[in-house]
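Chemist: Residue-level listing of the chains:
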Amino acid sequence: MTAIVEVENLVKRFNEDVLAVDGVSFTVEEGEIFGFLGPNGAGKSTTINMLTTLLRPTSGKASIAGLDIMTQQDEVRRVIGLVPQDLTVDDELSGRENMYLQADLYDVPRDEARKSIEDLLEVVDLQDAADRLVKTYSGGMRKRLELAEGLIHHPRILFLDEPTLGLDIQTRAAIWDYIKDLKAKHNITVFLTTHYLEEADGLCDRIGIIDHGKIVALDTPATLKRSVGGDVLTIGVRSEEDLTDLISSRPGIISVRKEDGVYRAKAVHGEAATPEVLKAIWEKGIAVTSVELSRPTLDQAFLEYTGRSLRDAEQSGSFDKAAAARAMRRRR
Amino acid sequence: MLWQTLALTKRELKHWYRVKVQIFMTIIQPVVWLGLFGQAFNIGQLFNAPGMPPGLFQQAFSGAPNYFSFMAIGMLAVNVLFTCMFSGMSIVWDRRFGFLNKLKVSPIPRGVIPVSRIFSTVIRAMIQVVIVFAIAIAFNYVPGLTGLGLKEGFGIVEVLGSFAMLFLLAVGFASLFTTIALAVENQETLFGVINLINLPLMFASAALFPTALMPDWLKGVAEYNPLTLAADGLRQLAFVDAAPIHSMWFNIIGLLLFSGALISLSVLTSRRLLSNR
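Keeping their order, the protein sequence lines are chains A and B.
The letter at position 85 of the first sequence is residue 85 when you use our numbering, and the numbering goes up by one with no holes.
The letter at position 86 of the second sequence is residue 86 when you use our numbering, and the numbering goes up by one with no holes.
If you are wondering where the hints come from, they were derived from the structure by calculation, not from laboratory data.
Take every hint as true, because none was put in to throw you off.
Some chain B residues close to chain A (C-beta under 7 angstroms, calculated; not the full set):
no.: 1; residue: Arg-11
no.: 2; residue: His-15
no.: 3; residue: Phe-99
no.: 4; residue: Lys-102
no.: 5; residue: Lys-104
no.: 6; residue: Val-105
no.: 7; residue: Ser-106
no.: 8; residue: Ile-108
Not the full set, but computed from the structure, chain A residues with beta-carbon under 7 angstroms of chain B:
no.: 9; residue: Thr-52
no.: 10; residue: Leu-54
no.: 11; residue: Asp-74
no.: 12; residue: Arg-77
no.: 13; residue: Arg-78
no.: 14; residue: Leu-82
no.: 15; residue: Pro-84
no.: 16; residue: Asp-86
no.: 17; residue: Thr-88
no.: 18; residue: Glu-92
no.: 19; residue: Leu-101
no.: 20; residue: Asp-104
no.: 21; residue: Leu-105
In this text, a Cβ means the ideal position worked out from N, Cα and C, and glycines have one as well.
Please take these sequences and the hints and turn them into a complete structure.
Modeler: Okay, structure coming up:
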């Protein structure tokens, strides 16, 4: 695998005192789906805007497909596609006209454009609505059109800034399918930002958790989840006898707690530890009434790395920082 | 690059002609201006008082047979100004709705963004000018109205010459207002700037009133207003004994410089004005 995005110590400072991105470094491998996960105002969009040449970094270096984002902007623009957070399709044009306009902007030859536009419209299920004005579209349809537009010039990497923000669950699931399809069919690299944990978990090969402009963790979703602790095994038994020691003596069990008549055991690998524990209880002649194995969620990992302070208030200026500080004090 | 400019120009024009009200306004606005303003200000009548030497009106008003004819020519130039002043409006909207960002991440030269707006505005201005011209002529055949009286022998060369000068005027004004729109952040500021320069530009010119009758300080400014250059050039083509303010060459070169300088300014500043820091 080769790196398609290389970022080194990238910094973006707005008006002296707001440090939006504080020296991030990472690489994205060609062909992977890479997610930036972080609370509001963490610096996700700012990073995307710098990588897509919309914003000039204050300092640091970044390259896409070996092209420098500061000195080779035009070349960078040819190899990237961007689906921005705001809906930027043109309301007063039809879906198909939007696609053709986009193709013209990227110098896609007419014949080639005609073919890929029909293909892409089919991929995002918009053939039937293609000749309607976009102002009659729903939010999900606009987003799908936006996604198709981002692909018209066959970019090597597609940037998706909060691709499912504000969409209903069905549309969100559909968008995820499109993204997975893209990766499977075209081996396109996808860089996305999100603050939906299940999105990052289900979609991304690797996740960078970003907070206060810094990357606080970067790994596969599975490893990130494992890093905050093991699986939780919950067992109910029909017995007054205390089984705490018995359970904790089994291999792979980290700790056991008795709560409300059930035992909660933490295990490194839940699937391996469960039969061991059940066997031990069974051999004592005690009946097991319920078993549940739950995996740690990315939510836990996320909160572990980013803390629980309120974020919405923090992103714009010092006044709001004061408000957030007050909110934190109240909670203590 | 030309292809991309044309694609965006087409987009602008689609926005315009798909709104039926705008088409209606384009036609009705000149009717109102020419019909009311043009007919009401019958200044020529004042010169017909007993004891006035004959031909005095023609002498003061560039050889026009009546005030309506004088004004109709000026109105062609004013209509260009009025069409062009909202030239950059779509940039302000595109900035607000994020469409501008889409253009900025695409590999088009930055100059394409203003130039496409300028092209589409110039096309609209020229359509408007044809309508104004046709209505002014048509008034000749409406009983009770004064129409545009052109000199004998006003032919195809004069028509093309007139439209060429109006074209240059449109390029200049469209570039000016597009550059302003690139530089301001929001529409309130843009409206403010447009209002500030729009009426002074119209009144401090020979478009609606001869500069010869203005006080010296105003005359000095008004004679070099691009609207004056266009109106003066057009009247020399339209009327006999037009008593020119400038020579025809001065007007043409002046308009060439005006349009050339402002469209270059628009392209050259677009790179800086469209970059985010």
